[in-house]
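As given, the protein sequences belong to chains A and B, one line each in that order.
If you're matching positions, the first sequence starts at 1 in my numbering and goes up one per residue.
If you're matching positions, the second sequence starts at 1001 in my numbering and goes up one per residue.
Careful, some of the hints might be misleading.
[Said to hold, decoys possible] Sample of chain A residues lacking proximity to chain B, with all beta carbon distances greater than 10 Å (derived): (1) L102; (2) P109; (3) S205; (4) E279; (5) P388; (6) R411; (7) G414; (8) Q439; (9) E455.
[Claimed, not checked] Label-pair distances were calculated between CB atoms; the ranges are: (10) D415(A) - K1029(B): 34 to 42 Å; (11) R1204(B) - L360(A): 57 to 65 Å; (12) E362(A) - P1261(B): 25 to 33 Å; (13) D1272(B) - L360(A): 31 to 39 Å.
[Said to hold, decoys possible] Covered stretches of chain B, going by a simulated chain A footprint (3 or more residues, C-beta under 8 Å): (14) 1035-1048; (15) 1085-1098; (16) 1149-1158; (17) 1171-1185; (18) 1214-1220.
FYI, nobody ran anything at the bench for these hints, they're computed from the structure.
Keep in mind the model is a prediction, meaning the values are calculated, not measured.
Here a beta-carbon is modelled for each residue, glycine too, at the ideal position from N, C-alpha and C.
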Amino acid sequence: MDIGSFLSRTCGGASRRSFLRAGMSLPFVPLALGAAGMGGGGIPGSYAVAADARRNSIRAKSVIFIWLWGAPSHLDTFDPKPDAPADVRGPFAPISTRTPGLQLSELLPRLASRSHLFNVVRSNVTFAPGHPDAGTFGLTGFPEKPLPVKPNFGSIIAKYRGEKGSLPAFAMLGRGIPKDVVRIVDGYGAGSLGKAFEPFLISCSEFGEAEIPSLKLLDGLSPHRIHDRRTLLGTLDAVRRQTEEDRLHDWSRLHQRAFELLSGPSGRKALDLTQESTETRDAYGQTSFGQSCLMARRMVEAGVSYIQVNWSEYVEAMTPNTDFGWDTHIYNFELLPDRHCPILDRALSALLDDLSQRGLLESTLVVAMGEFGRTPKITNRAARDHWPRCYSSLWAGAGMRPGQVIGASDRLGGDPVSTPISPLMVGTTIAEFAGLDTQARAELKVLEGGTSVHELLS
Amino acid sequence: MNCSRSAIRGVILVVGVSAVLADCPAEEKRLTSDGQFKSCPVFVDHTGAEIVYVVQESAVQLRLMKLKLADGSTTPVHPTQTKNEFEPAFSRDGKWLAFIQSRGNLSLAVVMKNLSNGTETEIPPGGGFSGARSPAIAPDGSMMLYCYAETDTQSILMMPLPQGKPHVIISGAGVNNWPDFAPDGQRFVFGSSRDGNFEIYTARPDGSDLHRLTTQPLQDLRPRFAPDGQRIVFTSGRDGNYEIYLMRPDGTEQTRLTANPERDDYPIWHPDGNRIVYVAERNGKHDLFLADLP
């Protein structure tokens, strides 16, 4: 029986079943079988107890990791090069920000006016030129091989923190796992940490309607349509009766997680965007990406430790039959101003405003980045291709001193001229903000060899 | 009437010289209300009764929709289509509808639909990641312009209709896009980054007699000739976000029409020449609006 399984296309056309089937495996459905049963509980093997001793070192109670899958052009967003030759500079002008000396692309006017809320890193590097392998680096800090795949940063934090109430410690917002035409992308899950620390996948439509892809089998099951526990239990039990006996154990876990999330007050509250004012919902924009960012903020309020918001094929796309996201090999100079940047500029600005106004930004780390940058020299298709040697990221909150530009690229945006910041350094820095110091990481055997970006943490 | 917002302005700014706001701007009329992401409106014919536009029906479906202005009803142009379709263009005689159709992996075709018999011809995508965009059909139906990127530039090509051999008419440096014919077909306007950033240019249909019309540090794009050929409406980011502007075909009398904190974009002329339709973002939602010109 499929429970929200789907065929995952990857950059060359191959497909494979990449998601979950009830009773066979349950990746992306963290287990929550504590002694309290339906009442929720800790994850077996979690590090939560030990983590309690280190609470004082936690600067980020929650992390929102905005994954700009497909790889935005750094030159056309956070690292404009107005003095470069025309075939590098591109058609977009730089604009001033609230931060003296910091310029962003004219495509990000809202973020430019909020530069006092964030930092820009301009010396990110990665070590693979293709989406799947760079994606794995970007999400785990490590290459795909040797197996097993290393855990997503969020899974590490989920293991360290444990769950709080009925909500998962690691939630992923998007209608599916971003993928590439060539093949499946590893790194979205818990990898070597085990399935207990997989993210719980929730999608959010442009109207703010939440869906749980892992329960697509249950037609109409959504927080908006489940009015009472009896309805939910009846629906889930009907599926359970159809499930083969040897799959019941796993199905029970899914059942329980779904029940807890959809029927529990904290879960439903986190997913129910109708509780937001019209003004707040409008501020994020009527796009699935915008409303996903709003849902992420609600999850922060609910105490979810790590929320990854995916910009994927399921975010407003021109050619959505495959998952290109920010992968603008053609029409880069039309897609960015017409669609991608206005959507990002609005949603991310609203998120920063919202967190700041609610007093949450101080205890929430927000990171926005893709898996690499794009070619400084404009291609023969009048666009930009992949560029792993240099790209940018945005960091906000968690007590950071904002308004900084950290690192720098050369005059063409081709390479860093300061210390390169690798994906492993990104993950290690996120972990440090979340309270995983060197000792904790060593004990968990994660992010081995990683060093943090001191300018962000200082 | 609330003069302070969500309205099309009277003369606000003449290039280089600050001017005074008109006493009170004309009210804009909302034509759609679903708030979904929209783009590329175009009037079906000279009657002004119907508009075809593009809606992001879902996160994975761009669809051509037809709007009847009389009653506000909307219907899909191709109800069963699962491929993404966008950038519609009609010929003045109502014979042709051209549009872009996504064929998958960043692969775009121009489809030309004969509206009298429903048959379709196409300009197929090239190899790899490629495809044409922004079709524009000449007033007499003799040719179609579109843009296509290869060999270090994004050119504008001309294809004799119904199915002649396309050839480049605007090339050189930069990204060239958004062609639109003057009503007499003797010239066309387009956007180009040939001189650095996106500015608006005009040329003859063979690409000769090129003239630059705008000179701004921020973007000017999506120009459209008025039905009488005496003005051009276009989008510009020169004042901080996308607003709609007017100018004469020689680039003079550049005038700002909209003044909103959110995006105003994709302007087109009503066939009567006295009004414009555009896509506006209001409170994070995108809808079509109709407004009188001052």
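Hints, one by one, checked against the model:
At roughly 17 Å from the closest C-beta of chain B, the C-beta of L102(A) stays outside 10 Å, upholding its exclusion from the interface. The claim that P109(A) is not at the interface with chain B is violated, since a C-beta of that chain comes within 10 Å of its own (minimum 6 Å). Non-interface call for S205(A) relative to chain B: violated, since the shortest CB-CB distance, roughly 7 Å, does not exceed 10 Å. At roughly 8 Å from the closest C-beta of chain B, the C-beta of E279(A) falls inside 10 Å, breaking its exclusion from the interface.
At the 10 Å boundary, the C-beta of P388(A) stays outside the reach of chain B, the nearest C-beta of that chain being 18 Å off. With a least CB separation of 17 Å from chain B, R411(A) remains clear of the 10 Å interface cut-off, as annotated. Every CB of chain B is more than 10 Å from the CB of G414(A) (nearest about 18 Å), matching its label as outside the interface. With a minimum CB-CB distance of about 43 Å to chain B, Q439(A) clears the 10 Å threshold, and the non-interface call stands.
Its beta-carbon lying about 31 Å from the closest one in chain B, E455(A) satisfies the requirement of being farther than 10 Å from that chain. For D415(A) and K1029(B), the Cβ-Cβ distance of about 53 Å falls outside the hinted range of 34 to 42 Å, so the restraint is violated. Roughly 59 Å separates the CB atoms of R1204(B) and L360(A), a value that falls within the hinted 57 to 65 Å. Distance hint check for E362(A) and P1261(B): the Cβ-Cβ separation is about 28 Å, which falls inside the suggested range of 25 to 33 Å.
For D1272(B) paired with L360(A), a C-beta distance near 52 Å fails the hint of 31 to 39 Å. Against chain A, the stretch 1035-1048 of chain B contributes 4 residues with a C-beta closer than 8 Å to a partner C-beta. That satisfies the three-residue criterion, and the hint holds. Look at the stretch 1085-1098 of chain B against chain A: 1 of its residues bring a Cβ nearer than 8 Å to a Cβ of that chain, fewer than three, so the hint is violated. Taking a C-beta to C-beta cut-off of 8 Å, the stretch 1149-1158 of chain B contributes 6 residues in contact with chain A, enough for the three needed, and the coverage statement holds.
Restraint check on the stretch 1171-1185 of chain B versus chain A: 4 residues with Cβ-Cβ distances below 8 Å, three needed, restraint holds. Here the stretch 1214-1220 of chain B counts 3 residues with a CB under 8 Å from a CB of chain A, which clears the bar of 3, and the coverage holds.
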